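Student: Quick mapping for you: the protein sequence lines, in order, are chains Y and W. Heads up: the first sequence at position 81 corresponds to 81 in the numbering used here, and the numbers run straight through without jumps. Heads up: the second sequence at position 114 corresponds to 1114 in the numbering used here, and the numbers run straight through without jumps.
Don't read these hints as lab results, they were simulated from the structure. The structure displayed is predicted, hence computed values, not measured ones. Every residue, glycine too, gets a C-beta built ideally from N, C-alpha and C. Mixed in with the good hints there might be a few duds.
[Stated by the list, open to error] Just some of the chain Y residues that point at chain W, by a computed CB distance under 8 Å: (1) LEU46; (2) PRO55; (3) TRP71; (4) THR137; (5) LEU139.
[Said to hold, decoys possible] Have a look at the derived ranges for each label pair, beta carbon to beta carbon: (6) W:ALA1141 - Y:LEU172: 37 to 43 Å; (7) Y:HIS196 - W:SER1047: 37 to 43 Å; (8) W:CYS1140 - Y:PRO35: 28 to 34 Å; (9) W:THR1142 - Y:GLU28: 24 to 30 Å.
[What the hints assert, rightly or not] To be clear about the criterion: a stretch of chain W counts as covered by chain Y if any three or more of its residues have a C-beta under 8 Å from a C-beta of chain Y, and this derived list gives those stretches: (10) 1004 to 1018; (11) 1022 to 1032; (12) 1146 to 1156.
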Amino acid sequence: MDCSKARELNLDGLRGRLASGSAAELREHLSTCAPCRDHADAERVLSEVLDARLPQHAASLALKRRLAASWPTSSRAAPAPRRIWRPAWAGARAIAAAAGVALVVGGSTAFFVQQRSELSQLESETVNDHLRMLGGTPLAQVAGGLHEVKPWFGGKLDFAPAVRFAGNDDFLLQGGAVEPFLDRRAAVFVYKRRLHTASLFVVQADGLAFPTSLRAGIVRGFSVALWKAGGQGYALVSDLNLPELLDLQAKIASP
Amino acid sequence: MRQALAHADALYNFARWLARDPVEAEDLVQEAYMRALGAAPQFEPGSNLKAWLFRILRNAFIDRRRRSQREASSRYVEDVDADGEPIEPAISELQLDQIRALVAEDVSAAVHSLPEAFRTVILLDLEGMTEAEVANVLGCATGTVKSRLSRARAALRERLAAYRP
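Sequences and hints are given; from them, build the entire structure.
Tutor: In structure tokens, the structure reads:
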């Protein structure tokens, strides 16, 4: 492998996207070529800096409401759970009706079916909503711990979030909130560990691709865990490292 | 319905980096969704919905720029691809340390300083799209994406390494 090829493959190599043969050839080249090794280091540092430092902008709730209001309902979609997404936009009903006809005539119900990326969409939504929480979403008072937070959700949600972990010395329960999560409302529990914040979003899992067994990984620099239990979907996210997040997840998922 | 709306945050983030203005970014996202509704019959079942939405949004952005005659985006793209193979000066360990120490504001400024075509390919790559998906968004060949991404990352590294707070 020459230097030009090695540099072309460095980024894919760092991301584990190379076939085993190419990966081995690249490793061999890097072991003997300092300039290409430096190039690989530079690629790695840039990826780390972009993942950790490049600001991500989340859409405002007002924009999401407008989009939802302009979007047609579908017989294949799950029932809209909350009125927060109801039209508030001038002319929205007429647009939605026209668009709905276009969709049906076009036979494009498959437009809504994209199972392959459903999990990554859940992960992406989890990170975006966490960023919004970090942006200053007010939290319910929790002087009395979980016993105060859970009743606070009463009347704000159409389900009772099944969360028993009231926090401990390692993970302090900071508060709760009700926030949009995709097309529905989520109970949000916020835990703190040192300077790190972890957000737990709990929703009714109907129609969403929450995995029945734990799925965890790094998404845009954040540690994310998704799982489903008892008909509820759980999305846990933080800038904690993954082992620490999984420690918290185990406490939350513990019966 | 949920599937398309689930991309609202990612689309807005992309729009913010393209337009550099929150109000215009919101307009772009709304326009993209309205265009998507109108073009829904042309969406091929099983193809990539996210890439399709991103492509619509980027086209909306380019149309606006052309209308306002502020920037000839298509010519811009040709320009960044016409410079041959990337020539990247070596970056020292000291410079890598400096890059590691930069804060979000510095990184943000460096990304904004890139040509739109470079900024776009970096942002789509950060979205986790494959080169084929980015090619789908940009309407170009996969090889072009690979080359452009390499050049864009080299240009960004250079700017970050040269940054002095």
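Student: Answer holds if the nearest beta-carbon of chain W is closer than 8 Å to that of THR137 (chain Y); otherwise answer violated.
Tutor: violated (15 Å)
Student: The hint names TRP71 (chain Y) as touching chain W; please verify it with the least Cβ-Cβ distance against 8 Å.
Tutor: holds (6 Å)
Student: If you take the shortest Cβ to Cβ gap from LEU139 (chain Y) to chain W, is it below 8 Å?
Tutor: violated (21 Å)
Student: Count the residues of the segment 1022 to 1032 of chain W whose Cβ falls closer than 8 Å to any Cβ of chain Y, and tell me whether that reaches three.
Tutor: As far as the segment 1022 to 1032 of chain W goes, the hint holds, because 5 residues have Cβ atoms under 8 Å from chain Y.
Student: For the hint on LEU46 (chain Y), does the least C-beta distance to chain W fall short of 8 Å?
Tutor: The hint holds - LEU46 (chain Y) has a Cβ within 8 Å of chain W, the shortest such distance being about 5 Å.
Student: Is the hinted range of 37 to 43 Å satisfied by the C-beta distance from HIS196 (chain Y) to SER1047 (chain W)?
Tutor: holds (39 Å)
Student: Is the coverage entry for the segment 1004 to 1018 of chain W by chain Y consistent with the three-residue Cβ rule at 8 Å?
Tutor: holds (count 12)
Student: Against chain Y, does the segment 1146 to 1156 of chain W show at least 3 residues with beta-carbon separation below 8 Å?
Tutor: As far as the segment 1146 to 1156 of chain W goes, the hint holds, because 5 residues have Cβ atoms under 8 Å from chain Y.
Student: Is the interface hint satisfied for PRO55 (chain Y)? The criterion is a beta-carbon contact with chain W at less than 8 Å.
Tutor: holds (5 Å)
Student: Can you let me know if the beta-carbon spacing of THR1142 (chain W) and GLU28 (chain Y) is within 24 to 30 Å?
Tutor: The hint (24 to 30 Å, Cβ to Cβ) holds, given that THR1142 (chain W) and GLU28 (chain Y) are roughly 26 Å apart.
Student: Given the hint of 28 to 34 Å, is the C-beta distance from CYS1140 (chain W) to PRO35 (chain Y) inside that range or not?
Tutor: This hint holds: roughly 30 Å between Cβ atoms.
Student: Is the hinted range of 37 to 43 Å satisfied by the C-beta distance from ALA1141 (chain W) to LEU172 (chain Y)?
Tutor: violated (52 Å)
When the structure is compared with the earlier hints, violations turn up for hints 4, 5 and 6 and for no others.
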